[in-house]
Structure formats: structure tokens, C-alpha cells
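S.K.: Residues per chain, in single letters:
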Amino acid sequence: MHNGAALDSEPGASSRGSRSTSVRLILEVRQTLPFWKRGLFLFGALGLGLTFSVGILSLAGVPPQQLTLEFVEALNGESLRAVLVQMAPLVLVGLSASLAFRIGFWNLGLEGQMVFGGIFATAISIYEIGPAPARLIIMGAAAALGGAVWCLIAGVLKIGFRVNEIISTLLLNYIAGYFLLHLLYGSWQDARSAFPQSTPFRQFERIPHLQVEISYGLIVAIAAVIVAIWIVHLSRIGFYMKYLSANPIMAGVMGFPTRRVLLFTTAVSGACSGLAGFINIAGQEGRLTQSFASGYVFSGVLIGFLSRNDPIVVLIISFLLATLYIVGQTLQVFYQIPFSMVQMIEAVIVMCVACSEFLVRHRIRLIGRLH
Amino acid sequence: MSEFVANWLAAVPANAVPYALAALGLIISERSGVLNLTAEGLMLVGALVGIGVSITLGGFAGVALGVAMAAAAAVSLLFVVMVVVLRVNQVIAGLSIVFFCQGLTGLLGIVAHWQNKQVPGLGILTFRPFLEIPIIGRFLFAQDAVVYLTVAIFFLVNWWLSSTITGLRTRAVGESPSAADAAGISVPFYRALAIVIGSLLIGLAGAYMSVVNVKLWVPGMTGGRGWIAVALVVFARWRPWSAFFGAILFGCIEAIIPYVGAAGVRVPQYLMLMTPYAATLAVMMWVGITQRGINNEPGALGQPHVREERH
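Those protein sequences? They're chains A and B, same order as listed. Counting the first sequence from 1 gives a position; the working numbering is that position plus 24. Counting the second sequence from 1 gives a position; the working numbering is that position plus 9.
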């Protein structure tokens, strides 16, 4: 182990020429780090990210005190209900991202998969497939299928044509988006509406609202979390997934079904996103709209990244992110702050946490040379 | 028919320039071993700043393009800090920069009231006698200055990467950072240099789109061209001139979209708008089939260099 290499190879540092300085910074690779210190760095980074975000928002005209009030407000009564409703799709896209990231498959096509989930579910409604009582379940299954198919395209392209999934999934988002517009400005447009949206779903095709705070959408999402926990921690596939992410070449050499694991994971990941799309249209919008999936890609990446791909942590992060979404919607109404602001805050937080990992992996020490 | 082809070809360079410059910027960065996904975001920064400067000064497209390049390079310093100094995962760093820039440019555009304001753009340079050449006359000899500048930049970058000591060192850092490090080449310095130079070009690509092509700022106006440029780099196998011809190919596809409807061919509009993305996927599949077993990507692409971890 070559410890104690100086930071003097950095572009700005000039210590190379001045050996006579008595104190210098050195960088060491850490072998271990106590749990509490790791947590300290994580929360420090989150705090730093939020501070930056508050700074940017106050420059844009939102006073910080008001912002705090909005966050307190968001966790009260009617708003809390909105937060929990918003949480359901976030949990599902978070699961979608974290399952794929687990095997090193960068699924950035969450929006496209949500769109196809929505399209498949709406097709069931438009062509009136299945009896009325079972309609909602059929729509949900169709949405999962649609998302899975759209994500499998990227998986097949990766295995069969060695197309990098970062590129293919991102491009498939745009293709899905234009296909959605094609339908909504074309044959699926509601004849009684000037907007690009489908005819509203019938009453039995909507996810019913419960009197309590928890919506059915959230119940579906929590069920998905339980299935994901089973897949990741208990099933044989989960064991293969761990191997595949640790060392894909080794996994191949040992005869693990790496291709099948990849295809299975992409399908499950896509199905989660498809369900998220279904929950958004059948729970909130009540019809297929133009923008029901927009902005979810980076939310999924954030949840996957911050949760370290752990399904239970996905729930916690999704709750916090849902709060941010609701606050973002309030700011949009009262301060004309564009909703892409939420995405920017997400990006700032991811940047800060990613940078804090430098401290988790390295120790910076001052070495004093006494001359 | 020849009239149609001449019109179509004349519109190709303006559509190809953003792809070409963005892909070239990415190639420079990736040749130094840094997997760069920031193009989509930095193009937006260039596009917004270019329009902003143009509105503030009332014209002066050249100045606007220059300031936009500097702005994109300034934002890329954030990426430099993340991937070169702090060794963050390059995919996560690139993605967060893109979404950061999307949010930031959306917000700034509204706060500064730069949305939907027309700017004068850039004049077209014509070379009189050559315009009469059938079909390719206007394609080659009636374009704006940036088109010609782009060709010059390609010559310059190709020469820099293949024939200068700094260019060779940049490539060495990308192929084998630890060997380069042992030879006394500063890996962080050359990676930072490559990212910043590349980002200048990406910023120019974005500013060209807004200031010269569209002459407006619309939030998210790059519409995935930055991602297509990322694909173009793979398609070009990290070689500048291949990226140039790839960009012309995509310029052709994009330029034909408005003409198809005008020519009376009944193709659904939104399916037509899909073609650049679908074509990119098709091209990527073609690369996968034809270049099986050929691996000429930079050896250390995507791997942070941690000097303290070398064995």
C-alpha cells in the first residue's frame, strides 16, 4: 500500500517547487470508517446540499423563512395526504432504478417506461378489455407489462448488440414521449377536449381514494417494496444479482445465468416504472395526459443513489422527496418558480452526497515537518 | 426534385453543427479517460447564456457565442472538481450536472425574462460565383461563419490530438493513467484540461442552436441532442473525423423533417420527430454488429485515477 502520496499533483497546487514548507496536506486511502462517522458525512452532505438549495431559491425570490414554513405546512393535514399520494410513484421509480443499478444496469429510461405503462393501461380502458370489477387489476398488469417490454428493449440491445444502456434507455424516453404525443394528438384524443389528453377513465377504472391517509397507490408501492426485498435478499436471483454486480466476468465464468439475470432484472425494473405510470394516471390524473411522467428519471436516480439500492431505504427517501415535490408545487403556484427547480435541488443534493464519499474513502491529513 | 435536394442539403450544415461540436467536445474529454455525459446540460447553459448576451447587447452574435463558451466551461469546472479532484462516479457526476443545468437554465430564463425574445442571429456568408454549382452550391458556399469555423476546429483538434505533445499526453492519460503518471505526466491536470476544452466546444454547440438556428430561448431546447452526441462518439469510435461525418448524417436526418410534410408526404408529425432518436438506436446496433471484437475506446474510460490506490 502506497500511503501518503501528496496532493501536489493537483493542478493548482504549487507545493512541488517549494519543498521547504513545513506543513503539507496528504491523502490516504481509508481502510475502515466507523458507522457514526459515515452517517455524519452523509448528513453533513445533505445539510450542505439543502443549504445551497435554499441559497439558490432565495436568490430566485423565495425568502428562507417562508420556505421553512412551506415544509412544515407540507407535513400537515391535507398536504400530508398529498405527500403520501405523491410518494407512491416515487417509491416505484426508486425501486425501478435501484433494482437495475444493483446489477450495474444504468436504467435511465424510467420516464419512457412510465409512459408505456400508461399507454398499455389506457389501451385496456379504451378497448374495454375484461369485466368491470377486474378492470383496474387488468390495467395495472398491462401497465407493468408495458413498462417491462419497454425496458427489455434496452436489455436485449445490450446483450444482443452491445448497445450501452445509458444511451439506449435515454433515447427510448424521447421515442416513448413522441409516441405518447402521437396518440394524444391523434386517435386517442378526447373529442370534447382541446387539450392533448385521452377521454377520462370510468369510475371503476380509477384507483379509489380511501378515507385514511394511505392511498391504494401507496399500498401497491409498499407491496412492490416487499417483493423487491424478497427478490434482493432472499431469492436465488438476488444472490446472482449480488455476484453480477461484484464481478460480472467472474459470474459468467462460474456459469451463472448472467444473461437471464440481466433480462429478468430489466423486466422487473421496467414493470415497476410502468406501475408508477399507471398509479399517476389512474390515481391522480384520471386520464392519459401529456406530462404524467415528466421529471421522474432523475428522481429515480436520486432515490437509487441515496438508498444504496436498498428497498427499505427507498421508502424513506421517497417520503422526503415527495415532501419536496409538494413544496415545489406550492412554490410553482405562489412564486412562479418553475417545477424544474425540484430537479435542480435533487441534483445539488446528489452532487453533495457523491462528493462526500471522497471523505468516506480518503483521509486528508496535515503533515507537519519541523525544520 | 433537384430543387428539393438542394434545399434540403442547404439546411444540413446548420443542423449538423451542434452535433459535430458537441461530439468533438465529448471526444476530447473522453480521450483523456473521463466518461462525459454532461453535454445535454452544458449545451443548455451555452444556449441560455448565448441568448442572454445577445439580448443584453442587442445583437453581436459573435460575442454571445464566445461568452456562452466561457459559461459552459465555467460550469464544467464543477464536473472537474467532482470527477478529477474528488473521484466521484463519472456517470452519477455527469447526470447530476445535466439535471442541475436543466433546472438552473429553466429558472434563470424566467428570472431574467429571456424567454421567447427574438435575437437577430448571424449573417450568412456567400461565395458568389460558387453558388451556381447545382445541388451542392448552397450546401458548401452559403453558410454562416460558425459552419466554416467548425471545419477549422475539426482540423485543429485532430492536429492537436495526434501531433502535439499536450495532445499526446492527454491521450496517454486516457489510455493508461498509471503509466502516464509514472512517466511524470499529471493525470489530474490533463483530465481537467481536456474537460474544459471539450466544454468550450459543447457550449458553442448549444449557443449555436439558440443564437443562430432557433434565435430564441426555450427551456430544454436541446431536446436530447446532447445524448445523441454521446452516442455519436461511440459510433465514431472516438475519432474526430468520423464524428464529423456522423454529425452530417444526423444533420441530414434532422434537416429533412420539415421538408417531408411540405413535400406532401403524409407521415404523422410526431412519428417523424422520433426519427433522430430511432436512427441513433439503429446506428448503435449497426456499430454493435459490425465492430464486434474491435475495442478502440480509451483504455481507462470511466475509471477515476486514484494514485494512492495503485498497485
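Treat each hint with caution, since some may be false.
Said to hold, decoys possible - Quick list of simulated restraints, FRET-style, between CB atoms:
| no. | chain 1 | residue 1 | chain 2 | residue 2 | range |
| --- | --- | --- | --- | --- | --- |
| 1 | B | Asn305 | A | Ile388 | 46 to 52 Å |
| 2 | A | Ala215 | B | Tyr268 | 29 to 35 Å |
| 3 | B | Asn305 | A | Glu102 | 55 to 61 Å |
Read the hints as simulated data drawn from the structure, not as lab findings. Note that the Cβ used here is the ideal one computed from N, Cα and C, for glycine as well.
S.K.: Look at each hint and say if it fits the structure.
M.R.: Here is what the structure says about each hint:
1. B/Asn305 <-> A/Ile388: 46 to 52 Å: Distance hint for asparagine 305 of chain B, isoleucine 388 of chain A is violated at roughly 38 Å.
2. A/Ala215 <-> B/Tyr268: 29 to 35 Å: At 32 Å between Cβs, range holds.
3. B/Asn305 <-> A/Glu102: 55 to 61 Å: holds, 59 Å
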